[in-house]
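A.B. asks: Each chain, letter by letter, is given below.
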Amino acid sequence: MRERRSIIISALVTIAFAGVPFFLNVDTSYFAYYLFLSFCHIVIAQGWNFVAGYTGQISLCQNAFFGLGAYTTALIWLHDVTKTGYYFDPVVMVLSGLVPVILAVIIGIPLLSRLRGDYFALGTLGVQFIIQVLFLKGGAFTRGADGLHLPSTVFESMKPYYWTGLFLALFATAVVYFLIKSRAGLALRAIREDEISAAAHGIHVLKYKIFAFAVGAFLAGICGSLYAWYLFHINPDSVLNLNWLFYPILICVLGGNGTITGPIIGAFFITALFSLGTVYMAQTHPILSGALIIFVMKFMPTGLVGLKDRILSRG
Amino acid sequence: MDVLYGDVQVIWDVSIHVEEGTIVALVGANGAGKTTLLKTISGIIHAKRGEILFSGKSLTRLKPQEVVDIGISHVPEGRRLFSNLTVLENLKLGAYPSRARPLFAESLERAFSLFPVLKARKGQKAGSLSGGERQMLAIARAIMAHPDILMLDEPSLGLSPIFVKTIFELIYALNKQKVTILLVEQNIHQALKIAYQAYVLKTGKIAISGGGDELLADPEVQKAYIGERWSKR
Amino acid sequence: MLEYLTFGLITQLFVNGILFGTMYGIAAIGLSLIFGTMRIIFLAQGAMIVFFAYISYWLFTLLGVDPYLSLIFVVPLSLLLGSGFYSSLFKEAAALEDKNISLLIAIGLMFLVENLMTVVWTANPRSILTTYSSFVFRPIGIIIPFTRLIALLMAVLSASGVLLFLKKTLIGMAVRAASEDMESATLMGINPHWVNVVAFSIGIGLAGIAGVGLATIYSFDPMYGFIFAIKALIALAFGGMGNVFGALLGGIILGLLESWASFFIGAGWADAISYAVFLIMLMLKPEGLFVRSVQTA
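Protein chains in written order, with numbering that gives the first Met the number 0: chain R, 0 to 314; chain C, 0 to 232; chain Z, 0 to 296.
Chain R is faced by these chain Z residues, among others (derived, beta-carbon under 7 Å):
| hint | residue |
| --- | --- |
| 1 | Ile100 |
| 2 | Phe110 |
| 3 | Tyr274 |
| 4 | Phe277 |
| 5 | Met282 |
The calculated lysine-lysine pairs, modelled on BS3-like cross-linking and capped at a C-alpha distance of 27 Å, are:
| hint | chain 1 | residue 1 | chain 2 | residue 2 |
| --- | --- | --- | --- | --- |
| 6 | Z | Lys98 | Z | Lys284 |
| 7 | R | Lys297 | Z | Lys90 |
| 8 | Z | Lys98 | R | Lys297 |
| 9 | Z | Lys98 | C | Lys62 |
What follows is a list of derived Cβ distance ranges for each label pair:
| hint | chain 1 | residue 1 | chain 2 | residue 2 | range |
| --- | --- | --- | --- | --- | --- |
| 10 | Z | Leu152 | R | Ala199 | 49 to 57 Å |
| 11 | R | Ala198 | C | Phe103 | 41 to 49 Å |
| 12 | Z | Ala275 | C | Ser159 | 46 to 54 Å |
| 13 | Z | Gly160 | R | Arg182 | 50 to 58 Å |
| 14 | R | Lys158 | Z | Thr60 | 50 to 58 Å |
| 15 | Z | Gly160 | C | Arg100 | 21 to 29 Å |
| 16 | C | Ser127 | Z | Glu182 | 16 to 24 Å |
| 17 | Z | Gly160 | R | Ile108 | 42 to 50 Å |
| 18 | C | Ser129 | R | Ile108 | 36 to 44 Å |
| 19 | R | Arg182 | Z | Ala275 | 31 to 39 Å |
| 20 | Z | Phe164 | C | Phe103 | 14 to 22 Å |
| 21 | C | Gly122 | Z | Gly7 | 44 to 52 Å |
| 22 | Z | Glu96 | R | Ile108 | 22 to 30 Å |
| 23 | Z | Leu169 | R | Lys136 | 48 to 56 Å |
Since the hints were derived computationally from the structure, they do not count as laboratory data. We put the CB at the ideal spot given by N, CA and C, even for glycine.
Whole structure, please, built from the sequences with the hints as guidance.
C.D. replies: Okay, here's the thing in structure tokens:
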């Protein structure tokens, strides 16, 4: 019963969001931009949430996956690989999601089979840096620090961006939701709780870890793809930016690691915080991000979502 | 001294009493909860229910380092020496608690006289010692803290029969020097031989208790844990 | 190109590597201490180093204090900050099984400090230029900048200091024991929080020294810390995650690696190689290159 209620609520919320462009001028409204940005954050945060929140593997290379997705999209577009002429071609997006997946599997196998917990996190950090260098040194293919430019002539309005963003956010949440409910999700949670006993129960730990890692990579990749069309200018600074690494972490940590709604709430909250921050407190707002992580980890490790539960159980 | 205990998930309503100056043995099969009991006394684990009393003072909520300060030393299962440190350094660390530091020179002398082989190897890294030597170092290290009670968890584990005999002679000698001993052992025969009082633990509960000699002769104990009668000496 | 490989060049590259590497080494020793006792990967170490560099910069530009003299202020400050950070941030987290939480707190601190620095000092690079900044020794034609040499000296001195502390003092022994087996250490009467505070404070103290060294050698900006932390981690991986002396050597090895690779392949690729080697080390030999295997007692 509760599930049906949540689904109904989610459907209503989605419809409400979908209706926004009819009331606001999406191209000029800052609020609409804020929503769009939040949707992007939701996508990449759900990805991280799945890897780290549900499986307990802290991945510090999400921005590399994001950047890979962006670059893939740009390259496909520039070299006219798919011969389609319009934005948000799902094929391109899926491809942009798959390339990071390939990387995830390639590095996941050695990393995940040998490294535990924070060692794994370190390994992913190293990977992320290597990717950065590779992009910088990619020669004519990636055009180094200058990067790739997508033609902005086709840009008409923000509306498709908005709806695609909303769709992707919904998609990401749904993917994570159904995966959690599935056998795979159960296996992953077992692994997070107690790896050894999970293995003793016949769960192929490595396979599932790589799977989770790949899902996180895919989601980050398609988000990168979407953002590439928004940004038009793809270079290491803009898409491999460490912000894309830390925001998902912050969002999940604040919203609630290992929950479905946590990243969503977190995304809206954090995006709002930083959007307002750039407007009103341009200088100081980044300090908040650090302070927030510390604060949350110390006092609310279950995040905002968990806080609600705790308040309810007190009363 | 009274040591009372309550139930932990592994230990159900266990009560033991250790009289000053005696040797008390805790025997039982693997997994019976003996190590858990010792760990609870030394503060590594917290009991869900029950009390630990030492000369009238309650130890129940203390941290391990505080328990040592009060005068109870624990030699854990598997010895757990600091293998990267030398023998002498291990011994120095044994005398870390404030009650033991002024007595350091004296304690060191005592340790070396009880365990002469340690004196010979004092500059060596603990990890390079043989099994029997390590056990001796572990015990020596624990007595550097000048404890009133020494708790030993399976001191004979993994040792050759000769060493086992040596260890038990040492335990006996220590007791003669006024150290109260709480001994957890799988080697039931040896343990019961030197124990004044013994408790048999079975899946977290006390099955039998009584004097060492009593239990040694008790056919119940023999049957349950050895499988056949053993001849007396 | 190989015809340029004169003896002088080889030695210069070698010397550069060592001078460079000791900086990484100092950062790594701090990390090693913190990791050894608390099993926390303190990613914020780089940010702290840059922070102290800024403090030194401030003392220089506002009060005219020579950076080397500023050590008198910086070192106690860093020790204080270290114990403060531990008590307020890491004390509970250190006891947890789940090391991810402390990792995230370290990341949060890094963010906080980096952004704080950006606010206070802006993102423009700063540097300290003193009368001796460009002074250079030239023994047998090899260039050894004065400031780098002093930094090397500071590194070696502080490393030796830490090692002496660990070997000769009772608390130092306690730290070593706790790094090996915290539980047994508590059975010796050692208070884990004490040990942790000491280790953490020394770690940050070393960051302070490294910061002053950094300030005299380079121009720095707030974001430099992150890269530095990564390099320190790589050095740590070379040296062995809990091995203090190995950390210094690891830093030197990294310095040498970078020095040679930069020359032959170019700075960008040199970085990639460092990271690649880092990954390989992590996966194949996390105890580092210097550990003779010791059986656990």
